[in-house]
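There are 4 protein chains.
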Amino acid sequence: MKTGAEYLESLRDGRVVYCGGERIDDLTTHPATAGYARVIAEYYDLHHDPRLRDELTFVDEDGERRALHWMIPRDKQDVQRRRRYHEFWWRHFAGGMFCRPPASTNCVLFGVVDDPQPWEDNSVGHGGRPLAQHIRDLWARVRAEDSFLTPMFVDVQYDRSRPDSVAESPALEIVDRTEEGIVVHGWKSVGTPPVFGNEVVFGVFWRPGTTEEQTVYGVIPANTPGLVHVARPSTAAEGASTFDRPFAGIGDELDSMAFFDHVLVPWDRVLHVGNPDHAKHFPQRQFDWIHVETQIRQTVNAELLAGLALLVTEALGTAAAPVVASQLADLVRFRETCHALTLAAEETGFHTEHGMYKPNPLYVNFGRAHYLEKASAMIDLLLELCGRGVVLFPTEAELADPYLGPRLEEALRGRDIGARERLRIFKVIHERFLTEWGTRHTMFEKFNGTPLHVIKMLTMQRADYRPDGPLARLARDVVAGRDPALPTAEAAEGTEAAGAPGAPGAVERAA
Amino acid sequence: MKTGAEYLESLRDGRVVYCGGERIDDLTTHPATAGYARVIAEYYDLHHDPRLRDELTFVDEDGERRALHWMIPRDKQDVQRRRRYHEFWWRHFAGGMFCRPPASTNCVLFGVVDDPQPWEDNSVGHGGRPLAQHIRDLWARVRAEDSFLTPMFVDVQYDRSRPDSVAESPALEIVDRTEEGIVVHGWKSVGTPPVFGNEVVFGVFWRPGTTEEQTVYGVIPANTPGLVHVARPSTAAEGASTFDRPFAGIGDELDSMAFFDHVLVPWDRVLHVGNPDHAKHFPQRQFDWIHVETQIRQTVNAELLAGLALLVTEALGTAAAPVVASQLADLVRFRETCHALTLAAEETGFHTEHGMYKPNPLYVNFGRAHYLEKASAMIDLLLELCGRGVVLFPTEAELADPYLGPRLEEALRGRDIGARERLRIFKVIHERFLTEWGTRHTMFEKFNGTPLHVIKMLTMQRADYRPDGPLARLARDVVAGRDPALPTAEAAEGTEAAGAPGAPGAVERAA
Amino acid sequence: MKTGAEYLESLRDGRVVYCGGERIDDLTTHPATAGYARVIAEYYDLHHDPRLRDELTFVDEDGERRALHWMIPRDKQDVQRRRRYHEFWWRHFAGGMFCRPPASTNCVLFGVVDDPQPWEDNSVGHGGRPLAQHIRDLWARVRAEDSFLTPMFVDVQYDRSRPDSVAESPALEIVDRTEEGIVVHGWKSVGTPPVFGNEVVFGVFWRPGTTEEQTVYGVIPANTPGLVHVARPSTAAEGASTFDRPFAGIGDELDSMAFFDHVLVPWDRVLHVGNPDHAKHFPQRQFDWIHVETQIRQTVNAELLAGLALLVTEALGTAAAPVVASQLADLVRFRETCHALTLAAEETGFHTEHGMYKPNPLYVNFGRAHYLEKASAMIDLLLELCGRGVVLFPTEAELADPYLGPRLEEALRGRDIGARERLRIFKVIHERFLTEWGTRHTMFEKFNGTPLHVIKMLTMQRADYRPDGPLARLARDVVAGRDPALPTAEAAEGTEAAGAPGAPGAVERAA
Amino acid sequence: MKTGAEYLESLRDGRVVYCGGERIDDLTTHPATAGYARVIAEYYDLHHDPRLRDELTFVDEDGERRALHWMIPRDKQDVQRRRRYHEFWWRHFAGGMFCRPPASTNCVLFGVVDDPQPWEDNSVGHGGRPLAQHIRDLWARVRAEDSFLTPMFVDVQYDRSRPDSVAESPALEIVDRTEEGIVVHGWKSVGTPPVFGNEVVFGVFWRPGTTEEQTVYGVIPANTPGLVHVARPSTAAEGASTFDRPFAGIGDELDSMAFFDHVLVPWDRVLHVGNPDHAKHFPQRQFDWIHVETQIRQTVNAELLAGLALLVTEALGTAAAPVVASQLADLVRFRETCHALTLAAEETGFHTEHGMYKPNPLYVNFGRAHYLEKASAMIDLLLELCGRGVVLFPTEAELADPYLGPRLEEALRGRDIGARERLRIFKVIHERFLTEWGTRHTMFEKFNGTPLHVIKMLTMQRADYRPDGPLARLARDVVAGRDPALPTAEAAEGTEAAGAPGAPGAVERAA
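Residue numbers (the UniProt record's numbering), protein chains in the order written: chain A, 1 to 511; chain B, 1 to 511; chain C, 1 to 511; chain D, 1 to 511.
Simulated from the structure, these hints should not be mistaken for laboratory data.
Heads up, a few of these hints could be off.
Below 25 Å or equal to it, Euclidean Cα-Cα: the simulated SDA-like pairs (lysine to any residue) are [unchecked claim]:
| hint | chain 1 | residue 1 | chain 2 | residue 2 |
| --- | --- | --- | --- | --- |
| 1 | A | K280 | A | V175 |
| 2 | D | K374 | C | M460 |
| 3 | A | K374 | A | R407 |
| 4 | C | K76 | D | H453 |
| 5 | D | K374 | C | Y357 |
Remember, predicted model here, so these are calculated numbers, not experimental data.
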């Protein structure tokens, strides 16, 4: 398992990173990036903490102790263990303020490793090279090196009104095939945080119009020649008072674009090449595992939201007012409903053909949909409960002023709570939801998985939810005047006999 | 186990029932009530069906086979078995069109039987009689007789603006205590369906202002002298075409008020007497079990709603339109989220001190809250997907008309579906949501458990959700700058070390 | 002006009406229809009431006094006068319980009469007949006869997934053209209430796929040979106690389908024929005027909803509870916002080329959209405020029972209100929103104008709301760094100089 | 009329201002404040622009030309002129990015000046001094000096759970009364932007528990000895690229607290003193006029939101997708409904006893309520339409880079739009809604007028909306079986005969 120091060293590899218009030489010392580099170094170090051994590590099939971010779950207990691992990190990161440590991203290869053969079989133009074996070897290597993998799949927003605009866009595409590998050129437009990762896992999300040349999946080091990372400006407030900037003072996890300037991807780093039909189906499953942790993180976000609302209304003395109590109940219910969807996904999970145990993606998706549908209103509610307290507050410097300080302390204290403690609540809420640091986090949760509308559209493509599928069976029986309680009702009429919706069988069939 | 014939016979016991302004002599033959009497008779008979033995019956601790409505769950498997039992009935009843068969009501005594001692110990004015033993004997008797128990707890709506109005109201109260028992007089204002039950389980929901004399709990036969049932008018359409009236043609489960005209409740039928403080705490738990089945029924309701929406949009050819698909996804998600909350309640259930296994009432309540919050909008959505099809449709008579029939069949057929089959979908939706029969059902679901607002208020009284409770621990740590992932964070500071929210421990402590 | 007696006589004209599977011989005496016939007779008679002369009648350009339903508005004052006329009727009809008296339907010809020439000019296959002059003559005649016009435009729901299904449907279409007129055959699928009208104004709503033969507009008597009216079953409760059935006891305005069995439409009754392009644009304007009164009626509906909520919470003593007060405020605001949109439509109205003054259709549409978006939630809120009071209540017969009556009166009285008066509130709410009579009314409001989704789609086709239109001008200036307050900002750059959104100019341009 | 230069000079008056922990010597040059000082200087200068004379100035009753921010409206035309004046400024300020120029704040004295007598008559402890005449003289003076008045009324958030906590709080209160005036001491906790104003108009919002000593209203110069302004940290980005920071580059309107350290308020600057009952009623009306402009500004905000949504979806090519079109329609409708409520307030305005013409405060309030209820969801919708474009974008520096620039321009161009122009849209949206500068603006709109919940509570205290008031008359008639269309219906029964809701009469009576 990598140490923090090794991780920091790995960042000094000559990678090309632009941030806020400036080229960054050393990520570990530049104020825009040093904070987050420290955060990930601490992440690696905590895996070595003997007190946390059971929580953060496991022993793999070869008897090697590894960080849990490498454990492929084989049963419900494994999935629950992964959940506790993720909960550990999202709590450690103050309710999920950072979203993409290795615990979140390394699983991007789980689906590929579980079933690599189709990635080879469906490839076009790979000259019969054994891509499936390459995938297995690659997995062994990144696991052995305890790499930080970072996915980049999203293409540029160009003109959504024309499918043929996809082909015209400057998206990453194959420009040459050689004996050494594939040469790719063009943009991938969003990733978090390839700037801080060890290897970029790139690929394409199929859209109508995606070409064969745009269809390429691979894994390359972050410092590959020709690879240029262009990050958004950093909102890190390196060196700031943690009273005034409770989160930005810690760091900023950078989102970035990447330009691939005639980048060579060696054949043993190619996962798949050349088949849009493959791109249409298989890679979706790559993200199922990221969605699982996303849904858990969102639940922890929801827990923080609800908790802050409890604290702030206690501090203001408003918690018992009926309208406020009703709003608090909505915030609590938000967290609990998200959590229930996690539990339901675990409870109705299933084994893949190759023995992975997967939480039911339907409930994972509905969990994310529930969060996305309500998060913005819940944040709004929390801010409403704060009143002006999140707009107008003094800084640490003013509290330290001999004239102003004592007067402000008197003005800003609350019910059974001192001014500084109360200000701390407001400042956490302000930083988290009202600064550029905070809104970036909110926007990340809004867009990173899948937008709500897309989740809904994908839902209605599931076999489970077709008019002749299991969910509508009750309605079909009622309309037809059959007794839907009797298992034979529809079967007797020879139409359908599938399990109830939400049952493992139903899911596996649809996946 | 009772048979249907025995049940029907038990209704001919001289009980006093008014319905729609008329005194009903024989419930089993009067058109206002005959349908529902048949429905419950069939309910009893199905328990004798050998094919359904495992699904509907169990063998009790004395080796006696009984209907599952008598099984007190001892572990998670029992709870899941009960869930399947309830799902059976709500499907059998066409998605829960009837809400109060014995499967729903008999569990009103589970909480009392599990822990009868406080009911005796807290009583005032019972002359030291062994009420706890009476409770155990009563339970043995009603179980042996396979009785249909029906609860009546709700008091008259009088003047909610004054707590002292509670004492002034004509609610049921003790007017005399004798050697034989307690004489009670006054109204209980809602029950479903005591008219069709064998025994009335009455009691009081504590409100500020509830008096000692109003605090009385007991179980009496439906035909007790002095007990007058006043039902709302029946919406049953006895003898109607099931094409034209798919549900009202089956029957109507009557809600009713009851006037207790100096009714004697013998001491061995008294559960508790005289202590408003007892009324404040213990009887709440009586309804926890009813809430469990209610939440399951609402989930089955939601499944019917979603299924009907799938069928109707298929029949109209609108299902693939993006806005419609998005609406369908909301309906599907409604069902699945309700179901996830059932699963979460089971998964995080706990044992009571006396060994019952209870689904986590928090998730049961949030499940009901989710349903209540959205059901009306979901029904509205379904109706919107129907368009005029649920307003304007011909009757069976017109379809049979030699001139009109063929022309209507041509006008009303749809995509891959004949006119009659399509009309059947519309008629089911119409009857279920747009007739007096149907809106009564909707209103029952809206009010029977607890209104949404009350669920919210009760939520915020849970210890789990206090500012110093487990849910806010993450927020407390984040505000204080502690690492919330480390179990020692708060504990080290000596404040709190409870389990995560949603964990069994948290629940038991709070209950 | 017609009298009530004359109106009743006009219904006895041999028209062919089916209702609930039965052929109705005399609408004025059959229990399914007699009530509503009386309602419309009273409507006509009230125009003769000298006390209401100024409110209900006007003197036309020929010095003739006529019912206001014939007044084509020429300025804002006329429009306000029409609003008061409509408000009179919707109040008279207990908050709009009937929706389609002549005040609502006769204006279907306003747009045609204001500008008849395009209806002729765009026609195809009319053999050069002077359709525009026919339209003027027709208008003179129906006005002189004080006819009750009833529109029928909607076609059968067949298969919305295929545009070519429109041509295959059994919708009304031309099957022959003769010297006398056009022979049409097929279905029109919804109208309210042609069964009770004097003349049917039929036409087609263009959809992609509408054929030339389906494109025909005309006006024919309700008893035209070959015309068959098929109404839904009546919900009228002729002869019922108005205590028990406050609305259904009055009557039921029937919706109906119509089969045209080789019906001859004489040329002087043809408005337009043969041009789907005409159908695409002009007839939309026919409904602008109906939408105006619909929006006013919906506002009166909203006023009734809010008023009932005030009464019921007063009667229960709950009005001052903060959560209830907040819900009441939402109901009040619902009414006031609907009303504000009426006022805005009048204030920003405009003159057509031919001198009619039209309320701004944008605000009329947004008024309807606001109502449609919220009506269902508002009704749900009202029902929530009622609690069980709308589910369980005794009938007049029980109140008259010597034993039950006094006991029920004691049980059901409220804060400063007797039991009967309180029951009356509940019964009005029950009948209006929870019976088949009431839900039909709700569904009518939901679908009759245009569903919300369609209003939204039509909104985005307005020139006012294009990215280069007036509403986005502020955004364009801000993005470009120009001062949007200066009128010359965009003009100086030669792009656009249109009026502010909501100004008459903007509207006329877009219409 | 003041010039910009005179305004800037007036800020150099020795006032005590803290901002971000630093004492600011010269507001006109310090980077935290220089930008906004320039903004207000330009505001004054524009009033001298001859092209804008009619739009921005008027001639008062003495023949003096003055800025329109001093015009007290006497009829509907005046109110409409004021609306256009406000629209001018909110457009000039890029859709209302600054909220408190003199056009917004000076009207805080309108209500006092219209009717000063009660302010004197209700005073306690003013020694019979002629406060009403002082008010008139004060008005004449501030108008002659073209002062920038800034209100400060809000008190510290202390402990809302105990009314007696109000008296214990360190809020501003009278500590001495002398011949020269009143000595006050303590905090006022929010104002925008007293730091930049000429005179502070202070007072108290009555709450249960407000004491006599806390009840004091006055007007003092911003540099009064003892007055200490404590502003929040500035978010101004003085000197930043307007491409990268389109709004923060212009300036930041500071919110501030104020500590009154034994401040002497001369008697001729006291508006009222000592009577909590006066504080309960009269000062509410002071804010009616600010609410009018607030509601107009919110409508312009809504227009910007809708316009930006049109531009961004055009640029992405998503505008025509049905789900997106439906969302755009919601944004358009949001603006139009806000605007309709402005028009309705003007249309149903009324004259005060002293001849001011006031827009109907009910509709003004409902306009604000509509905005507050939906603004957050509408912003969320806009952000959803943007996708990642508002999270990840390059800076001006990167676009200027010779290697990155051309490649980024290719990657970020859109449908018919270049990369820079498209980025500008995203940057405007980002700065406005996702930076600390932008969220402060959103929070200002959320809290400055009155929170939604308070507006709702105040609504239900209006006589118009009582169960026996005009809005419920229709419901009363319907329930009683009277014809509500006949004016005599209720009057005949001697209960009530008030005008319809929304009529001027109804409003005046209730005010």
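Going down the list of hints, with the structure as the test:
1. A threshold of 25 Å between alpha carbons decides the hint, and for K280/A with V175/A the separation of about 22 Å falls inside it, so the pair holds.
2. For the suggested pair K374/D and M460/C, the alpha carbons sit about 20 Å apart, so the restraint of at most 25 Å is met.
3. Note on K374/A and R407/A: the hinted pairing is violated, with a Cα-Cα distance of about 40 Å set against a maximum of 25 Å.
4. Taken as a hint, the K76/C and H453/D pair is broken in the structure, with Cα atoms around 37 Å apart against an allowance of 25 Å.
5. Note on K374/D and Y357/C: the hinted pairing is violated, with a Cα-Cα distance of about 33 Å set against a maximum of 25 Å.
The structure fails hints 3, 4 and 5 (numbered hints given earlier, in ascending order).
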